Amino acid sequence: MKRPAQVLLLVLCGLGLLHVSLFTDLSLRYVKEGLRPLLVVSGVLLLALGLLDAASGLGRGRRSGRSDSGGRSDNSGRSDSSDHGGHDEHATDGDHATDNERTTDGEHGSQGHEGHGHDHSATPRVAWLLFLPALSLLLFAPPALGAYTAARQAPTVVKEQQRFDPLPRTSPVPMTLTGFTTRVRQDHAGDIRGRVIRMSGFVTPDKRGGGWQLTRIIFSCCAADAQTVLVRVHGRPAPAADTWVAVTGTWHPGGTLGTSSAPAALDARTVERITRPVNAYTDDLPLNPTR
Numbered sequence: 004m005k006r007p008a009q010v011l012l013l014v015l016c017g018l019g020l021l022h023v024s025l026f027t028d029l030s031l032r033y034v035k036e037g038l039r040p041l042l043v044v045s046g047v048l049l050l051a052l053g054l055l056d057a058a059s060g061l062g063r064g065r066r067s068g069r070s071d072s073g074g075r076s077d078n079s080g081r082s083d084s085s086d087h088g089g090h091d092e093h094a095t096d097g098d099h100a101t102d103n104e105r106t107t108d109g110e111h112g113s114q115g116h117e118g119h120g121h122d123h124s125a126t127p128r129v130a131w132l133l134f135l136p137a138l139s140l141l142l143f144a145p146p147a148l149g150a151y152t153a154a155r156q157a158p159t160v161v162k163e164q165q166r167f168d169p170l171p172r173t174s175p176v177p178m179t180l181t182g183f184t185t186r187v188r189q190d191h192a193g194d195i196r197g198r199v200i201r202m203s204g205f206v207t208p209d210k211r212g213g214g215w216q217l218t219r220i221i222f223s224c225c226a227a228d229a230q231t232v233l234v235r236v237h238g239r240p241a242p243a244a245d246t247w248v249a250v251t252g253t254w255h256p257g258g259t260l261g262t263s264s265a266p267a268a269l270d271a272r273t274v275e276r277i278t279r280p281v282n283a284y285t286d287d288l289p290l291n292p293t294r
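Heads up, the sequence shown is in this note's numbering, so the first residue is 4 and it goes up one at a time.
It is worth saying that the hints were derived from the structure and are not from the lab.
The structure displayed is predicted, hence computed values, not measured ones.
All C-beta atoms in this analysis are idealised placements derived from N, C-alpha and C, irrespective of residue type, glycine included.
Just to be clear, a hint being listed does not mean it is correct.
What the hints assert, rightly or not - Cross-link-like lysine to aspartate or glutamate pairs, in silico, DMTMM-like; alpha carbons within 20 angstroms at most:
(1) Lys35 to Asp286
(2) Lys162 to Asp190
(3) Lys162 to Asp228
(4) Lys5 to Asp56
(5) Lys210 to Asp270
(6) Lys210 to Asp168
(7) Lys35 to Asp287
(8) Lys162 to Asp194
(9) Lys162 to Asp270
(10) Lys35 to Asp228
(11) Lys162 to Asp286
Stated by the list, open to error - Here are the in silico distance ranges between beta carbons for each label pair:
(12) Lys162 to Arg6: 51 to 59 angstroms
(13) Leu135 to Thr262: 43 to 51 angstroms
(14) Gly60 to Thr285: 42 to 50 angstroms
(15) Gln164 to Ala8: 48 to 56 angstroms
(16) Leu55 to Asp228: 32 to 40 angstroms
Please work from the sequences and hints to get the whole structure.
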């Protein structure tokens, strides 16, 4: 990869990072909100390095041009010593022998160097593939994680919780999917029984039947450590996969409430389509329903 291409790659990577983190919300598909400033800083540094490298290359080119011009002037002003008789036209046989030996040794050395291995000074052609992710950040964004990922990932195991505060008297009670699952499987008081709950997430179809799954994908840091929380929904037909919905309903009985045998499931009363949130990879409370 030539130097101009390396400079172009740095500039494209810098612009791509700034595009997804500073001018759009696309970075939230890959990292948590708190890491966005680091992406902005990285984009600025890459862009600055590319521009500085380009400027230094132009400076070296100008200096090289001036040096070549001066060298040609000096050579033209020199006199050839052979024109003034300073060179002995009759070289000795020993001198010729020495010159021939040096030439022969040089040729053998060159052939020997070329005969062993390959020249590893050039950048491999595969390096050009680095332009693909740089261009993708500028021209098109990879799709967000959704139902396809959730259907192929094991649900997150909820953390153990010893104490639960009483549920508010409001109805429906807004809850996160994690909070609902924790209450169902660990709250021995069973306060969630009979209460109307409201949660939001996207739809993950379930080919096994018996309902569909309300889903949230949560980033601890970035897409590489994404975790999935699922709540099965009964009583309503499944909307299209990846559709964001708010579901209102009551706990679907099964097993022993407050133990791991209790299903994280809901008997839905209403299912409303909602707009996909900007920061979708969190387990947030649902927004209040519009009246």
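For each hint, the structure was consulted:
Distance hint between Lys35 and Asp286 is fulfilled; the C-alpha atoms sit about 12 angstroms from each other, no more than 20 angstroms. Only pairs whose Cα atoms come within 20 angstroms are accepted, and Lys162 paired with Asp190 is accepted, the gap being roughly 12 angstroms. Proposed proximity of Lys162 and Asp228 is supported: the alpha carbons are some 17 angstroms apart, at most 20 angstroms. Taking the CA atoms of Lys5 and Asp56, the gap is about 13 angstroms. The hint holds against a cut of 20 angstroms.
With a CA separation close to 18 angstroms, the supplied pair Lys210 and Asp270 stays within the 20 angstroms bound. Under the criterion of a C-alpha separation no larger than 20 angstroms, the hint pairing Lys210 with Asp168 is inconsistent with the structure, at around 36 angstroms. Only pairs whose Cα atoms come within 20 angstroms are accepted, and Lys35 paired with Asp287 is accepted, the gap being roughly 14 angstroms. With a CA separation close to 19 angstroms, the supplied pair Lys162 and Asp194 stays within the 20 angstroms bound.
Straight-line distance between C-alpha atoms of Lys162 and Asp270 comes to about 24 angstroms, which puts the hinted pair past the 20 angstroms bound. The hinted pair formed by Lys35 and Asp228 meets the criterion: a straight-line CA distance of about 11 angstroms does not exceed 20 angstroms. For the given pair, Lys162 sits about 14 angstroms from Asp286 by alpha-carbon distance, which is consistent with the 20 angstroms threshold. For Lys162 and Arg6, the Cβ-Cβ distance of about 52 angstroms falls inside the hinted range of 51 to 59 angstroms, so the restraint holds.
A C-beta distance of roughly 50 angstroms is found between Leu135 and Thr262, which places it inside the suggested range of 43 to 51 angstroms. As the Cβ distance of Gly60 to Thr285 is approximately 45 angstroms, the hint placing it in 42 to 50 angstroms holds. The given range of 48 to 56 angstroms is respected by Gln164 and Ala8, whose C-beta atoms sit roughly 55 angstroms from each other. A beta carbon spacing of about 34 angstroms between Leu55 and Asp228 agrees with the range 32 to 40 angstroms that was offered as a hint.
Of the hints listed earlier, those the structure fails to meet are numbers 6 and 9, in rising order.
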